[in-house]
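**Student:** Here is what each chain is made of, one letter per residue.
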Amino acid sequence: MSASGMSGWWVAFAGISRRETLRFVNQRGRFLAALVRPLVWLFIFAAGFRAVLGLSITAPYQTYVLYEVYVTPGLCAMIQLFNGMQSSLSMVYDRETGAMRTLLVSPYPRWFLLASKLVAGVIVSIIQVYTFLLIAWFWGIHPPLAGFLAVLPALLLSGLMLGAMGLFLSSAIRQLENFAGVMNFVIFPMFFASSALYPLWRMRESSVLLHDICALNPFTHSVELIRFALYLQVNWLSLGVVLGCLALFFGGAVLMYDPGRGLGIRRKGG
Amino acid sequence: MTTPALSVQNVSHSFGAFRALDDVSLTVPRGSFTALLGVNGAGKTTLFNLITRLYANRSGVIEVAGHDLRRDPGPALRRLGVVFQSRALDADLTVQQNLMYHAALHGIPRSKARARVVEVLAQVDLSDKAGAKVSALSGGQVRRAEISRALIHRPELLLLDEATVGLDVKSRAEVLSLTRWLIAEQGVSALWATHILDEIAPSDRLVILHRGRVLFAGLARDAADGDLTRAFLELTGVPA
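Protein chains in written order, with my numbering: chain A, 7 to 276; chain B, 380 to 619.
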């Protein structure tokens, strides 16, 4: 009855993607929240700081840019960061409610099931980012038109890396209640200690240590990969870091969800 | 000799120092209703988690329809349909969306899956609830929806882990008779984990599990001459 060969794998991947999309569509508030968050930063925070934060010419920009222009790639990455954590939250929720077991007893290998879930989440995040970029366009953020296409692979890689990080974290989080800790100890430090809001050279002016922390933060490299791609350039260092972290986080997640570790489900007697 | 639907040989499993299963062996012959009887904490769910590969089996051998779960997990899991002790359906999706999702997880193309959803929902008498959200169903309806989910890929073996827990008397009887009907009419086999003696008929195969060990395996009528309450008390020291 099952499709044979590769088509069966495709059917399974499409099914997982469809479920993620259905869940997303059913939770309209989630889509709205994902959009409102960066828009608040763009419309209010960036507008307020435009006068305070002067930016000298910084690659990949060819000239002075407004603060709103500088902060836009960081906000794209922020959407993906929150989406990755939302996927992680949904994995923990699925584990608590039992829906996760349906996924894990599929005859397909566990790495494939996790990868499918990861890619499905990234597709959702890319739709969110493009909607945000469209609204930002009307706010005067005008990257080169070709940049909208060039940024797609960067968004894919960045989304995969941040989603894989969420997947890895979800394997270690035992209860939904513990998720507040992730917000405080992962999302906020990653976002603020990065180049999303200020260039790294500005960080160095205030603290060399803080600059080094920001430079080591994988989220910084997500932001820079997106920023350079949006302006039709490749930041090779960021590409390398994002690929390396993707391999590390996804490998860790597969290891943690391995049945041998028994972490895919909660232990329950009977 | 026909390969059994399920063969568990010398399986043990520990959580740290606690030995949840100790050298467990049992078989589920094809087309049989095999009851796995044990009090809470006997090791039934741990055994189910090993058979479904939610836990890795490190000792002994588990075979589903002749496929070794450790060496050949894909074909083994393809032949399994599982009804978990607690709800495993997505409450935010409709019954049909849940079934389509599960069909996809087994690689069933959408065109075939749609037809199969209609078929299994008719079998469990839930055709009129296909478009209803799972959160809107009663306990008995959720259980029947869970069974339809487990049947969608035409498994050879059904694992039902305390499938009647939390149901009223009528719904319990419906779920039990549905399972027996599936065995008689569809040719599936079932391993039915329970702690309720009333659910076991004299002609059923019975495995009594207690503190991780198999204390009895055979026909229910052969246990203390069919007096299951006495048999259970004598073997386990626990009133059933």
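Where hints are given, some of them may not hold.
What the hints assert, rightly or not - Example chain A residues on the side facing chain B (calculated, C-beta under 8 Å, incomplete):
| # | residue |
| --- | --- |
| 1 | Gly-21 |
| 2 | Gly-54 |
| 3 | Pro-265 |
No lab work stands behind these hints: they were computed from the structure. Only a predicted model underlies this, so the values are computations on that prediction, with no experimental measurement involved. In this text, a Cβ means the ideal position worked out from N, Cα and C, and glycines have one as well.
**Student:** Does the nearest C-beta of chain B fall within a distance shorter than 8 Å of the C-beta of A/Gly-21?
**Tutor:** 2 Å, holds
**Student:** Taking 8 Å as the limit, does the beta-carbon of A/Pro-265 come near enough to a beta-carbon in chain B?
**Tutor:** With a closest approach of 4 Å, the A/Pro-265 hint holds.
**Student:** Just to be careful: measuring from the Cβ of A/Gly-54 to every Cβ in chain B, is the smallest value less than 8 Å?
**Tutor:** 38 Å, violated
Figure legend: structure checked against the earlier numbered hints; the only hint not met is number 2.
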